[in-house]
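Asks: Sequence:
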Amino acid sequence: MAERFPGTIIVSAVNDPLVEAAHLYKRFDKLQAVDDVSLSIDPGETYGLLGPNGAGKTTAISMIAGLLEPDSGTVTVAGTQIKPRSTQGREAIGLVPQDLAIYPDLSAEENLMFFASLYGMSKRDARARADEVLEVIGLADRRKERTSKYSGGMKRRLNIGIGLLHSPRLLILDEPTVGVDPQSRNAILESVEALSGGGMAVLYTTHYMEEAERLCDRIGIIDSGRVVAEGTTEQLISRVGENDRVRIEVTGSVDAAIGHIRDISGVVEASTEDHAIVVMADDGSRHLPAVINHLVDGGAQVGSIEVTRPDLEAVFLHLTGKALRE
3 MAERFPGTII VSAVNDPLVE AAHLYKRFDK LQAVDDVSLS IDPGETYGLL
53 GPNGAGKTTA ISMIAGLLEP DSGTVTVAGT QIKPRSTQGR EAIGLVPQDL
103 AIYPDLSAEE NLMFFASLYG MSKRDARARA DEVLEVIGLA DRRKERTSKY
153 SGGMKRRLNI GIGLLHSPRL LILDEPTVGV DPQSRNAILE SVEALSGGGM
203 AVLYTTHYME EAERLCDRIG IIDSGRVVAE GTTEQLISRV GENDRVRIEV
253 TGSVDAAIGH IRDISGVVEA STEDHAIVVM ADDGSRHLPA VINHLVDGGA
303 QVGSIEVTRP DLEAVFLHLT GKALRE
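When we follow the numbering used here, the leftmost residue of the sequence shown carries the number 3, and every step to the right adds one.
These are computed hints drawn from the structure, not numbers from a lab.
Since the model is a prediction, treat every value here as computed from it, not as a measurement.
There's no promise every hint is true.
[Unchecked claim] Straight-line alpha carbon distances no greater than 27 Å define the calculated DSS-like cross-link-like pairs of lysine-lysine that follow:
#1 85 <-> 146
#2 146 <-> 125
#3 146 <-> 157
#4 151 <-> 125
#5 125 <-> 157
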């Protein structure tokens with residue numbers, strides 16, 4: 003048994019996935035929104051769906067949550083197949099949608115008590131659970147305040163709290179940091195880290211690369227309805243190589259220098275690109291002085307310098323041909 007956070011215990015078989023989605027398809031008229039998506043999530047794992055707006059993230063999680071019926075494919079959560087026309091297995095899922103689902107005239111505590119009543123919880127259990135959730139989302143000291151006075155980030159955290167009330171084994175978070183300030187965003191990410199670290203499975207959709215890198219044990223990159231790659235951050239980055247990209251603006255001829263630059267140990271490639279030289283190297287910053295010396299010795303004048311290390315943005319660009327936030 004593993005303690006998720008105060009008041010909840012989960013039991014799971016070792017190496018037994020909590021979530022299994024297999025070959026999900028969904029079409030809206032002429033748009034193939036989800037195209038053969040499969041994924042699995044283990045207890046205590048945070049799985050990220052990373053992709054731009056319109057990639058199919060929300061449609062995919064709506065099918066996993068049982069809100070939307072797939073054209074074909076199956077979803078199993080905690081051993082139960084999830085179907086939109088059945089409530090069976092729904093108690094294992096907590097869904098936090100992009101749109102806020104709170105009542106502004108009620109306090110955080112009153113919101114939680116109201117939603118707990120919808121789950122059929124007794125007042126005693128609801129009170130105890132609300133206390134636990136308020137601690138998890140960092141709103142215990144503002145529990146009596148009307149939520150109309152909350153910042154956007156505080157409302158987002160309360161939205162997460164509502165999804166946690168019934169102690170789900172899977173928490174689905176759909177773009178939970180959209181439109182919040184940096185401080186509130188960090189508080190939300192800290193809450194998510196605490197939940198997954200305590201044993202809850204988390205399915206997290208985002209188009210923010212840095213969130214996926216920080217939170218997710220594994221990441222599925224989704225584009226045009228398809229998961230085009232999946233793995234840990236390190237595994238995904240290895241698909242585009244471990245080399246840094248160094249771009250140096252230059253004026254004058256680089257012909258005399260480029261051959262010498264290619265001969266530098268650790269430099270994989272050197273080429274010209276729109277009044278610049280681009281060098282691929284295993285450690286761009288370390289090789290930069292030697293590259294500049296060859297350019298200057300060859301008569302070129304060096305301008306701006308940019309060193310780009312491989313990251314998920316580079317992976318997405320490599321796999322899809324477009325930037326993550328396009």
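Asks: Does residue 157 lie within 27 Å of residue 125 when you go C-alpha to C-alpha?
Replies: Holds. Residue 125 to residue 157 sits at ~23 Å (cutoff 27 Å).
Asks: What's the verdict on residue 146 and residue 157, does the C-alpha distance respect the 27 Å limit or exceed it?
Replies: The given pair, whose Cα atoms are some 14 Å apart, holds under the 27 Å limit.
Asks: Please work out if residue 146 and residue 125 have their alpha carbons no farther apart than 27 Å.
Replies: holds (17 Å)
Asks: Holds or violated: are the alpha carbons of residue 151 and residue 125 at most 27 Å from each other?
Replies: holds (26 Å)
Asks: Tell me if the straight-line CA distance from residue 85 to residue 146 falls inside 27 Å.
Replies: violated (38 Å)
The structure fails to meet hint 1 from the earlier list, while all remaining hints are met.
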